[in-house]
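Residue numbers (the numbering used here), protein chains in the order written: chain U, 1 to 509; chain L, 1001 to 1599; chain G, 2001 to 2098.
Among the hints, erroneous ones may be present.
The calculated DSSO-like cross-link candidates involving lysine-lysine, where the alpha carbons are at most 27 Å apart (straight line), are [what the hints assert, rightly or not]:
#1 L:Lys1114 to L:Lys1438
#2 L:Lys1302 to L:Lys1469
#3 U:Lys378 to L:Lys1170
#4 L:Lys1170 to L:Lys1114
#5 L:Lys1170 to L:Lys1302
#6 U:Lys378 to L:Lys1302
On the chain L side, residues computed to face chain U include the following (Cβ under 8 Å) [to be verified]:
#7 Leu1150
#8 Leu1153
#9 Phe1194
#10 Arg1549
Worth flagging that the hints you see were computed from the coordinates, not collected in a lab.
Virtual Cβ for every residue (Gly too), placed ideally from N, Cα, C.
Listed below are the residues making up each chain.
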Amino acid sequence: MNHLLAWIVAAPAIAAAVLLVLPDSARLPIRLVSLIGALASFAGSVVVAVDYDRVAGGMQMAEEWSLVPSLGISLKLAVDGWGVPLLLLTGVIIVTGVLASWGVTKRGKEFYLLLLVLVSGVFGVFVSQDLFVFFLFYEIAVLPMYLLIGIWGASHEVPQRGPFGFAWKRFAVGGKEYAAMKLTLMLLVCSAAILVAMFLLWKEAGGKSFDLAHLEATRFSLATQNWAFPLLWLGFGTLAGVFPFHTWSPDGHASAPTAVSMLHAGVLMKLGAFGVMRVGMVLCPDAAASWAWLVGGVAVVNVLYGALCAASQTDLKYIIAYSSVSHMGVVMLGAATLTTTGWNGAVYQMFAHGIMTGLFFALVGLVYERAHTRAIAKMGGFGHVMPAVACFFTLACLSSLGLPGTAGFVAEFLVFLGAAEGAHSWWAVPAVIGAVVTAVYVLRACKTIFWGPPPTGEFAHLTDARSTEWVAPIVLGAALILFGFWPRFLLDFIDVASSTFLARIAPFS
Amino acid sequence: MSTLQSWAALAVLAPLAAALLCVVLPPLRKAGKPAAALCLLSSLVSAGSALYLLTQHETGSVSRTTIPWIVFGGKAIASIGVHVDATSVVMLVVVTMVALCVQIFSTAYMHDEKPSSYGRYFTLHALFLFSMNTLVVAPNLMQLFAGWELVGLTSYLLIGFWFQKPSAAKASVKAFWMTKLADMGFVFALLVLFVATRGFEWSARLSTETATLVTALLFLAVVGKSAQFPLHVWLPDAMEGPTPVSALLHAATMVAAGVFLIVRADPLFAQAPATRDVMLWIGSGTALFAACLALVQTDIKKVLAYSTCSQLGYMVAALGAGSAFAGFFHLGTHAFFKALLFLGAGSVIHAVHSNELADMGGLRKKMPWTALTFGLGALSLAGVPGLAGFFSKDHVLSELEGRAGWIPWALLMLTSFLTAFYMGRVLIKAFGGAPSAKAHHAHESGGAMLLPLFVLAVPAVGAGFFGGKLAEWSGAEYHLHLGLTPIVASCLALGGIFAALAVFGRGKTAPFTSVLEGLDRASAVDRTWAGLYRHVLLGVSAVMGFIDRYVVDGLMNAIGYSTIESGASVRRLQTGRIHDYAMAVVVGALLIVLWGVLR
Amino acid sequence: MTLTHCLLLASFLFCVGVYGLLTRRQAVAVLLSLELMMNAANLAFASFAHFKGGPGQVFVIFALAITVAEVAIGLALVMLLYRRYDDTALDRASEAKG
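Given these sequences and hints, build the entire structure.
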C-alpha cells in the first residue's frame, strides 16, 4: 500500500476528526470510531514490521511532501530498525488503552479525541525523518496531556513538609491541576532547549534543510556539538524521566486516568529516550562520546534512586510510576554505553518497559475502579476475588524485575552486558542492584495486594476483569512472554539500526 | 539434531507444553483432574525420555545442539539448546523420576483442594519440571541461568501456593528475595565471563584472577540457591509450602541446582583454587551448623529442611575439595532418600494433620508401610553401611581426608554422628513410643501415596551401587576401600543411632539441648537479614522517598513558588494611580537625560 | 531677547506643568498642567522656528489642533469620572491596580 506510514500517522487523527461530528450522546459509536482508528494504525504497524527488510536495514518506505521549501522543511516519513518495534508498541498500547478506558463517562468524546490526537503525534515522531516535523509531532504528543490529566485526572493530598514546604501556600501539591501543570511546564521548558539545539544544528548545516539524513551527513564542529548535545539530552531526557527532572512523572502518572497513564509511561517516555538517541547521539556523536560519563552516571542514579523511591511508596500508582523512572534509567544507561549491545538493550527495554508498564497501569486502573483506593495498605487477599488480575500483575512484576522468559530480562541483560563491555564497567553494578531492589518493591506490592486471607467487608464482592477489560492484560501479557522467549522477533530489527547509527560514533569514541 | 538430543529436548518441552496448555486454557486448569492428568502425562514422557537417554548413554559421549537466541550482526551472543552428557543425563533421570513420584503422591495429598487450585498446583509442577530440565540440559551458563531463575520463580509460587496464609506469603517472598540477592552473583559472573570471552561457556580458559572472580560470584549464587550459610534462612521458612513441594523443590532438586552448577562449571572452578578453599569451609561449616539446628526442631519438616542444608553442605565441601564426582554422587543419592523422607513426612502429616513431632508417636503400628520406607530413608541419610547415603557420604569424606589440616573432615565426621542422632530422634518421636491424642485416629495412606514411597525407597537403598558406573562416566576414580574414613563414618553413624535410642528412647533430652534451643530461638542470622531489610533497605528507601518528594520535587515546587511570588511582588508596582505612572514617566525621562549628559 | 531666554521660559513652563501634573489630585488641574506642558513644547517649537528657521511653526498649528481634540476627550473623561465617583479626584480611579 502506498503511503503506509502517512496512513498510520493519520488514522488516529482522522478518527479524531470523525469524533468531532458525532454527538456527545453517541457513546458506542464514539468508542467504535476510536477503536477503529487505533486498530488501523496498529494493523499498519504490523504490515510495516512484516514488510520491512531486516537484512537491508536502513530507511525504508520513505515518502515526502515539501512543507516550507525556503527553510527546507518537508514532511518526510520513513521507518528504520528502531522505528518498527516502537510503532508496534504504540499500536498495541493505544488499542489496549482505548479498550481499557471503555468505561470513561465524563466527556467521553473529548477524552477519546485528545487521546487519538496524542497518538497521532507519537506515531509521527517515530517515523518522521525531518527534524522540524519531528519536533512538531513531539509537541503534538506532549500537549494534550495537560488537558487529559487536568480534566480526567485524580487528585490526592501530599502533606506539607520539608524544607520547601512554603510552596504549598501557592498551589495544591498532589492535585490533578498541579500534576498537569507541572508536567506541561517542565516539558515545555525542555522543548525550548530542544528548539535552540535544533536551530543551532540547522544553521551550522547550512540553514537549508531540516532533513535528518542531511544533518547526519554534516559533521558538526565540536563546539556546536558540545552545546547541542546537553541541550538535547536535557530537553528530550526530561520526558524520559532523567534525574533530577523526573519529578513530573510520578505525579503525572499517578494523577492521570488509566489509558493516559498507559500511553504516557508506556509510549511517551520512550519518545524522550528515542529523541536522545536518534537526534542527540546520532547527530552529535563526538559530544555523545565525551558526555557519556555524565549521561550514564545520571542513568545509574535513575535506576537505583527510582527503585529505592518506589520501595518507599504506599500508593500503588506511585510505585509503578517510580518503577518507570527506574526502568527508563536502564534505557538511558544502555544508550550511554555507546555499544551495540547497550543500544540494542536500550531500544528493547523501551519496548519491554512500554508493554510492561502498560500492563501495570491497565491492571491498577482495573483494581482502582473496583476498590476505589490505591493505598496498598488497605488492600489484601484480592487474589481470591480477582485471580486473573493477580496472575497478570505477577507477570508484570516478573518482567519488571527481569526474570528470564519475559521481555524485561532480555532488555535488562543486554543493557548490563553493554555496560560491562563499555568504557565504564562499574555502571553494571548499581544497575544490577537496582534490579534486586525492584524485586523487593514489586513483590511486596504483589504480596500485600493479592495474597493473604480473603478480603472482607467492602472488598468481599470485588469482581475479576470483564469483557473489554480482558484485552489489555491478555494481549500485553502474551507480548511480554512471547518477546521474552524469542527476542529475535524484535532484536533483528533493532540491531540493524543500532549498528548503522553506532558506526558514526565508534571511530570517535 | 541427533536422536539423543531430540529425546533430551522432549524431556524439556513436554512439561512446557502441558504447562502452556493449562495456562492458555483456563477451563482445563479449573477442571482440576484433567489438568493433573495432562501434567502427569508430560512428566511421564519426560521421565521416559530421561530413562531412555540413560540406557543409551555411552562413556565419554558428549553432544549438543544449539540455536542462536540473541543475534547481533549475524553472530550469536547467546544460544539455547540441549547438551547431553553423563552429568545432564543422570541429573535428568534424578529430577524427572523424583518429580514423577512427587506428582503421583500429590494427586492424593492435594485431594482436598478446590478443582481450580488443584489444576494450578499441577500447572506449577509442570512449569517447574520444564524450568529444572532447562537448567539441567543447558549447553551454556546463559541458559542455565534462565532455568535457574525460572525454578526460583516456581519455588516462589509453590511456597506461596496457599497464599491465603500470611506466613506462606511471607515465606515465599523471603525465599525469592534471598535467592534473588544471591543471583546478583550469577548475573555479575555472566557479565565478567562475557567481557572476558565474549561467550557464556563453562569450559572457558581464563586468567586466575578472572576465574577466581567468576567462580566466587557463581558461588555466591550457589550459597543462595543451595541454602548455605549465611543465606540459608529462607529454606526452613520455605516449608510453608505443601509437603510434596518441599520434597521436590526444597530437598531433592531445586536446591541441588547450586551444586549442579558447580559440577557443570567445574572447568572454571578448577582454575580458581581460592574459591574452592572458601567452598570447603562454607560447606563443612554449614553442614555442622545446620545439623545442630536440626537436632532441636519440633516440626518434622523443619528437621528435614535443616538436614537438607546440612547435606548440601557436604556436597559443597566435596566440590570445594575438588571432587565434582563426589558432590554429584551425593546429590543423586540425597535426592532420592530426601524426597523419600519428605514424602514419608507428608504421609504422616496427612494422617495426623500436624507438622509437630509432639503430635505424632506410635505411628509404626498405625502406618507400617510409611514407617518402613521412612525408616529406610532415615537410615540411608544417617549413612548406615550398605545403604545409598553411606556410599556417597563416605566418598565425600574420603575426598576430604587431609584437606585443610583435617578440620573440614572432622567437622563433617561430627556432622555424620549428629545426622544419625537427629534422624534417630525423629524416628523415635514419630514412629516409636505411644501415640499422642492426634495420632490415635491416624491410619495408613492410600496407594497413590504409598507407591511413590516404595519406588523411591529402591534407589534410596540401592543407588550407592550405581557409583562405579557414574564414576566411569564422569571419568573419576571411585572404589570402596576399607580405610580410616569408612570405618570411622560407619561407627559414627551407628553410634549416632544407638545414642538416639539411648537418649530419646527413654524420654530424656540430649545434652546441650538448651544451648541449641537458645541458638535456634536467637536465630541471629535470620534477624540480621530481617534487620538489614527493614532498617537498611526500607530505611534508605524511606529517606530517598522523602528526598524525592520534599527536596528534589520540593525544589521544583520552590521554583514554581518563587515564580509566582516574584510575579506577585512585581504586581504591587501597578498601583492604578495615574500620579504614580506619571511620576515614573518623569523620573524615567530625567534618568534618560541624565544618562545622555553623563555619557 | 535671545533663543536662550525663550527656551528658559519654555522649560520653566514645562516644569510648572510637570509639578502640577504630579501634585494636583483634581482631574481638571491635571488637564491644565498637561496643557501647560504642551504649550511649553509649542513655545520651544515657535522659538526655534523664529531664531533658527525651519518648519517648526507648522507643528505648533498641528499641536494646537490636536490639543483641542485632546481637551475635548479629557473633559469628557472628567465628566465620566465625576459621574462615577461624585468627585474628580484621580486617586479614586485606581481600578488598574494589580
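Structure-based check of all given hints:
At roughly 25 Å between alpha-carbon atoms, lysine 1114 (chain L) and lysine 1438 (chain L) fall within 27 Å of each other, so this suggested pair holds. Of the supplied pair hints, the one linking lysine 1302 (chain L) and lysine 1469 (chain L) is violated, its CA atoms being roughly 34 Å apart against a limit of 27 Å. For the suggested pair lysine 378 (chain U) and lysine 1170 (chain L), the alpha carbons sit about 18 Å apart, so the restraint of at most 27 Å is met. Distance hint between lysine 1170 (chain L) and lysine 1114 (chain L) is fulfilled; the C-alpha atoms sit about 23 Å from each other, no more than 27 Å.
Distance check on the hinted pair: lysine 1170 (chain L) and lysine 1302 (chain L) sit about 17 Å apart at the alpha-carbon level, within 27 Å; holds. Of the pairs offered as hints, the one joining lysine 378 (chain U) and lysine 1302 (chain L) is violated, with about 33 Å between alpha carbons and a cut-off of 27 Å exceeded. Against a cut-off of 8 Å between C-beta atoms, the interface hint on leucine 1150 (chain L) holds, since the closest Cβ of chain U lies about 6 Å away. Satisfaction of the interface hint for leucine 1153 (chain L) is found here, the shortest Cβ-Cβ separation to chain U being roughly 6 Å, below the 8 Å cut-off.
Against a cut-off of 8 Å between C-beta atoms, the interface hint on phenylalanine 1194 (chain L) holds, since the closest Cβ of chain U lies about 6 Å away. Because the beta carbon of arginine 1549 (chain L) sits about 7 Å from the nearest beta carbon in chain U, less than 8 Å, this interface hint is met.
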